[in-house]
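These protein sequence lines map, in sequence, to chains A and B.
Going by the numbering used here, the first sequence opens with residue 5, and the numbers climb by one from there.
Going by the numbering used here, the second sequence opens with residue 5, and the numbers climb by one from there.
It is worth saying that the hints were derived from the structure and are not from the lab.
Any given hint could be a false lead.
Copies of the same chain are indistinguishable here, so a pair counts whether it falls within one copy or spans any two.
Simulated crosslink set (DMTMM-like; lysine to aspartate or glutamate; CA at most 25 Å straight-line) [to be verified]:
1. Lys27 to Asp187
2. Lys167 to Glu17
3. Lys10 to Asp42
4. Lys140 to Glu98
5. Lys167 to Asp128
6. Lys54 to Asp42
7. Lys10 to Glu68
8. Lys10 to Glu44
9. Lys140 to Glu118
10. Lys39 to Asp93
11. Lys27 to Asp73
There are 2 protein chains.
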Amino acid sequence: MQFSSKIIEQAVETFAQLPGVGKKTALRYVLHLIKQNDTEQLAQIIRQLKTDLKFCSKCQNICESTVCDICSNPVRDQSLLCVVQDYRDVMAIENTGLYKGLYHVLGGLISPMEGVGPGHLNIDSLSARMEESKVKEVILALNATMEGETTSFYIYRKLAPYKVKLSAIARGIAVGDELEYTDEATLGRSIANRQPFSAFFSVE
Amino acid sequence: MQFSSKIIEQAVETFAQLPGVGKKTALRYVLHLIKQNDTEQLAQIIRQLKTDLKFCSKCQNICESTVCDICSNPVRDQSLLCVVQDYRDVMAIENTGLYKGLYHVLGGLISPMEGVGPGHLNIDSLSARMEESKVKEVILALNATMEGETTSFYIYRKLAPYKVKLSAIARGIAVGDELEYTDEATLGRSIANRQPFSAFFSVE
Chain A
5 MQFSSKIIEQ AVETFAQLPG VGKKTALRYV LHLIKQNDTE QLAQIIRQLK
55 TDLKFCSKCQ NICESTVCDI CSNPVRDQSL LCVVQDYRDV MAIENTGLYK
105 GLYHVLGGLI SPMEGVGPGH LNIDSLSARM EESKVKEVIL ALNATMEGET
155 TSFYIYRKLA PYKVKLSAIA RGIAVGDELE YTDEATLGRS IANRQPFSAF
205 FSVE
Chain B
5 MQFSSKIIEQ AVETFAQLPG VGKKTALRYV LHLIKQNDTE QLAQIIRQLK
55 TDLKFCSKCQ NICESTVCDI CSNPVRDQSL LCVVQDYRDV MAIENTGLYK
105 GLYHVLGGLI SPMEGVGPGH LNIDSLSARM EESKVKEVIL ALNATMEGET
155 TSFYIYRKLA PYKVKLSAIA RGIAVGDELE YTDEATLGRS IANRQPFSAF
205 FSVE
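Just chain A, same shape as in the assembly (with noise of 0.2 Å):
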């Protein structure tokens, strides 16, 4: 692509640098910004991300004090423990409304063929909070993927010298699927772990 302005230019290359953005697309962007009035707001928002958010020195999830308003809750479960990988995912597990206990959010999950390994995540702060922290039981709440996988084994071995009870999520056929047309490993996975009935109707 050649354009006629340095800045036009410049940025297309820094919106080109956020995720799933190419160069067409962040040049929809940009023309689109310079039509706008204000972009003020924007330019605004964007430095008090850096500037006004911090990690919560307890779970690492974003928020904008030391302590996040989960980890600063006294109501909340402070014996059980979900390890997440991010912050979309305390937001959707939030949104459930079915967990009262506490978070530890990774950062990631470990990947080597991106160059991801267990030091670029949060997972000794997990090893310190189980010596702390009153903590009964640890449930894994990663990704259904290889990388998923592989960072849920990992805190696994990492976390057997401790008194804990560690559970991971359900994987199963989702609620609305059809059995027809679910892969054969969910399947499979679904009936080994089949749960007694009244299972169902009793959520806590």
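Given the coordinates of chain A, work out where chain B should sit on it, guided by the hints.
Frame of chain A, contents of chain B only:
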């Protein structure tokens, strides 16, 4: 979507105003930026889009000075004027390397559905250019869509009083296309508007 932080919520809403960006994509951008070390560049370039870019006083193209590089280039053919929708189309035509005339950027297309009338576009300034300048031919290079054809027809009527040749870019099958998969409207027009075979080898 429920956010634990007001700033993330605001940022997501601001990013979701970009064209084609929903809240999920906006959140993806925001989380990416939070992880980045340096977001200042993006904030800075967004400000610059407003402060340093202008619209060319002649053709309304986006540029860094009062008159754009194309309009101020004495080598360009001043008798040819190509009417396009926006900056991207100028880029696309410039990239062909086959057009040496000037441009006129409308800034959009007539679209009653989206509330865009002729008054919102740079059409009056096009008439003004007809009166002043030595334009001999106006080439309509607008999208082959309902909006594009409507706008072309409106300009055709608007320029009728002026003694300029009015042409439109050729409709036909794209280079590399197979007849079998070409829609009937395009194929029909490509037969009706057939060209001397020799025209394929002389490009001017």
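Structure-based check of each hint:
no., hint, result
1, Lys27 to Asp187, "neither (36 Å within a copy, 30 Å between copies)"
2, Lys167 to Glu17, "neither (50 Å within a copy, 44 Å between copies)"
3, Lys10 to Asp42, "both (21 Å within a copy, 21 Å between copies)"
4, Lys140 to Glu98, "within (20 Å within a copy, 66 Å between copies)"
5, Lys167 to Asp128, "within (17 Å within a copy, 78 Å between copies)"
6, Lys54 to Asp42, "both (21 Å within a copy, 8 Å between copies)"
7, Lys10 to Glu68, "between (36 Å within a copy, 9 Å between copies)"
8, Lys10 to Glu44, "both (20 Å within a copy, 18 Å between copies)"
9, Lys140 to Glu118, "neither (33 Å within a copy, 58 Å between copies)"
10, Lys39 to Asp93, "between (35 Å within a copy, 16 Å between copies)"
11, Lys27 to Asp73, "between (38 Å within a copy, 23 Å between copies)"
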